[in-house]
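**Student:** The residues making up each chain are set out below.
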Amino acid sequence: MTLPIIQSRPDFAAIAAWIPHGASVLDLGCGDGSLLDYLKTEREARGYGVEIDDRNILRCIARGVNVIQGNLEEGLSGFETGAFDFVILSQTLQATRHTEKLVREMLRVGREGIVSFPNFGYWKNLLQVLRGHMPISDELPYQWYDTPNVHLCTLRDFEQLCHDLSMQILDQRVITGGREISLLPNLLGSTAVYRFKRNT
Amino acid sequence: MDNSVGIVQAQHANFDQPLTCLSSGVLPRYDLAYETYGSLNADKSNAILICHALSGNHHVAGTYADDPKNVGWWDNMVGPGKPVDTNRFFVLGLNNLGGCHGTTGPSSIDPRSGQPYGSNFPMMTVEDWVESQARLADRLGIKQFAAVMGGSLGGMQAMQWAITYPERVRHVLAIASAPCLTTENIAFNDVARNAILTDPDFHGGDFYQHGVVPTRGLRLARMLGHITYLSDDAMAGKFGRGLRSGKYKFGYDIEFEVESYLRYQGDKFASYFDANTYLLMTKALDYFDPARHTEHNLAHAFAPIQAGFLVVSFSSDWRFSPDRSREIVKALLHNRCNISYAEIQSRHGHDSFLMQDEQYFAVMRNYLDNIAREVSR
Numbered sequence: 001m002t003l004p005i006i007q008s009r010p011d012f013a014a015i016a017a018w019i020p021h022g023a024s025v026l027d028l029g030c031g032d033g034s035l036l037d038y039l040k041t042e043r044e045a046r047g048y049g050v051e052i053d054d055r056n057i058l059r060c061i062a063r064g065v066n067v068i069q070g071n072l073e074e075g076l077s078g079f080e081t082g083a084f085d086f087v088i089l090s091q092t093l094q095a096t097r098h099t100e101k102l103v104r105e106m107l108r109v110g111r112e113g114i115v116s117f118p119n120f121g122y123w124k125n126l127l128q129v130l131r132g133h134m135p136i137s138d139e140l141p142y143q144w145y146d147t148p149n150v151h152l153c154t155l156r157d158f159e160q161l162c163h164d165l166s167m168q169i170l171d172q173r174v175i176t177g178g179r180e181i182s183l184l185p186n187l188l189g190s191t192a193v194y195r196f197k198r199n200t
Numbered sequence: 201m202d203n204s205v206g207i208v209q210a211q212h213a214n215f216d217q218p219l220t221c222l223s224s225g226v227l228p229r230y231d232l233a234y235e236t237y238g239s240l241n242a243d244k245s246n247a248i249l250i251c252h253a254l255s256g257n258h259h260v261a262g263t264y265a266d267d268p269k270n271v272g273w274w275d276n277m278v279g280p281g282k283p284v285d286t287n288r289f290f291v292l293g294l295n296n297l298g299g300c301h302g303t304t305g306p307s308s309i310d311p312r313s314g315q316p317y318g319s320n321f322p323m324m325t326v327e328d329w330v331e332s333q334a335r336l337a338d339r340l341g342i343k344q345f346a347a348v349m350g351g352s353l354g355g356m357q358a359m360q361w362a363i364t365y366p367e368r369v370r371h372v373l374a375i376a377s378a379p380c381l382t383t384e385n386i387a388f389n390d391v392a393r394n395a396i397l398t399d400p401d402f403h404g405g406d407f408y409q410h411g412v413v414p415t416r417g418l419r420l421a422r423m424l425g426h427i428t429y430l431s432d433d434a435m436a437g438k439f440g441r442g443l444r445s446g447k448y449k450f451g452y453d454i455e456f457e458v459e460s461y462l463r464y465q466g467d468k469f470a471s472y473f474d475a476n477t478y479l480l481m482t483k484a485l486d487y488f489d490p491a492r493h494t495e496h497n498l499a500h501a502f503a504p505i506q507a508g509f510l511v512v513s514f515s516s517d518w519r520f521s522p523d524r525s526r527e528i529v530k531a532l533l534h535n536r537c538n539i540s541y542a543e544i545q546s547r548h549g550h551d552s553f554l555m556q557d558e559q560y561f562a563v564m565r566n567y568l569d570n571i572a573r574e575v576s577r
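Protein chains in written order, with the working numbering: chain S, 1 to 200; chain Y, 201 to 577.
These aren't lab readings, by the way, just hints derived from the structure by calculation.
Careful, some of the hints might be misleading.
Estimated spans, in silico, between C-beta atoms of each pair [to be verified]:
#1 Y:L240 with S:L165: 27 to 37 Å
#2 S:V150 with Y:R547: 27 to 37 Å
#3 S:Y145 with Y:R492: 48 to 58 Å
#4 S:Q172 with Y:A436: 50 to 60 Å
Computed footprint of chain S on chain Y; a stretch qualifies when at least three of its residues, placed anywhere within it, have a C-beta under 8 Å from a C-beta of chain S [to be verified]:
#5 323-336
#6 559-567
Note that CB positions come from ideal geometry on N, CA and C, so glycine has one too.
Given only the sequences and the hints, what does the whole structure look like? Please build it.
**Tutor:** This is the structure we're talking about:
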């Protein structure tokens, strides 16, 4: 039953692989709650989601996933410092306005952060730019004028941000079409998943 | 009305065991008026307790055979196929102690004096109500509620249940509620109380013996309360600056539509509600503050809680604002409780919790559906 979720969202498998049994998880922008549902059944994770969209709130409640309705742009003040083992931001980073603040907040609330995002540096994206257009793909399915993505970045851009914010990258997976990429990830990877923590 | 519980009847439970209240006042014996809808399953696991707010009572849903227009105060929420589905749940509503709808209250006869309690009725707290509700649950053989729920003051009772009797509540639905009143809220309540207390017909609470009712005070109290339960937006939308006769009359009679509405609401309320009950209910609101035992740390006050929570707030509710609900959520998160929180976009102010709204009802339905599945397993 859990397989279709993983197939439709390849980053979920990478994320789930990092979550140890019984961990506490906060999923920011949790959507319909499918990742939390998966982590609950597969990892017995104690999870909560944050979501803004009314329909997704209904879906989360219907599947018995804990969900807090709220706007990530208003920060994570509703969550205590060190409350979670992991704070996840999957496919949402690029759509946040106060990105830097949110990434900092993730590591205030959680011991470790996990982020997945579409790699703007993926060759197919670059090709479309070279042809004179903003890229449109499975990961970036929007027109330039209706996209919610305001902070697109490449793998190296994100790594630079981690460095600037004194964060240590613990692990990284780069995926294209459900397959893991190890060669030239910044160019050949369509989706990146990072696990990071504060430098100690 | 095929999705109504239909004709219902109030029942009364008499309790001879004295109730010592938090105020150290004692009720030697008392009656609780209640109604039930749906049927209790074999293992008595499908019961939902509905706690009422300031002016509510045990008549939650359905109508009376001899009073078909008297529809329960939460009839849109409770019934067959409704979010609180009486085909699946056994629903219990009662009138709280101090009430004026059949439960022992200030207008009831004090067995010790043979006169109405009046000013001798003990001050009530949410804790006292929960105690009396637990005794009623014992009487009905309900060891554990599938859910205890309510809006506003009703939500406070539901929260108190989860603190006092953690093992007796599977779920709490706290709607448009707060962990305690704000200063401003207490201030509003005090103005309302003063309207009643200073009415010459109040007679220190013993107006029954004088054959009068402090309707002027009660009416003002209700008018004030009513304004605060709505939003500026909702009132503007409903009445605007509309004039009853279309032009200024330069006098103090009813001119604006909103005046007409408020006076009507005030008169209606004052004609059936007991002034002492109103005073008691507002004080119970003011006193509720579970964190007062834990150095104002709500998370610590919530430590005993085992129940799963659904917390719902409404964007335009300025008396029990979303911020107050978020305080509840934060304290529950601290205690690693199962908790979901929905913030409904609504323009009807605090009264939103009584109104039919698509998203609000869908949230309630989805949450309660899971409870129904859980208790039928």
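**Student:** Is it true that S:Q172 and Y:A436 lie within 50 to 60 Å of each other by Cβ?
**Tutor:** Given a distance of about 54 Å, which is inside 50 to 60 Å, the answer is holds.
**Student:** For the hint 48 to 58 Å, verify it against the beta carbon of S:Y145 and that of Y:R492.
**Tutor:** Holds - the Cβ-Cβ distance for S:Y145 and Y:R492, about 54 Å, lies within 48 to 58 Å.
**Student:** Examine the region 323-336 of chain Y: at least three residues should have C-beta closer than 8 Å to a C-beta of chain S.
**Tutor:** violated (count 0)
**Student:** Please test the hint of 27 to 37 Å on the beta carbon pair from Y:L240 and S:L165.
**Tutor:** Once the Cβ atoms are compared, 57 Å apart, the range 27 to 37 Å for S:L165 and Y:L240 is violated.
**Student:** Examine the region 559-567 of chain Y for residues whose CB is less than 8 Å from any CB of chain S, and state whether their number is three or more.
**Tutor:** holds (count 5)
**Student:** Regarding S:V150 and Y:R547, is the given constraint of 27 to 37 Å on their beta-carbon distance met?
**Tutor:** holds, 30 Å
Figure legend: structure checked against the earlier numbered hints; hints not met, in rising order: 1 and 5.
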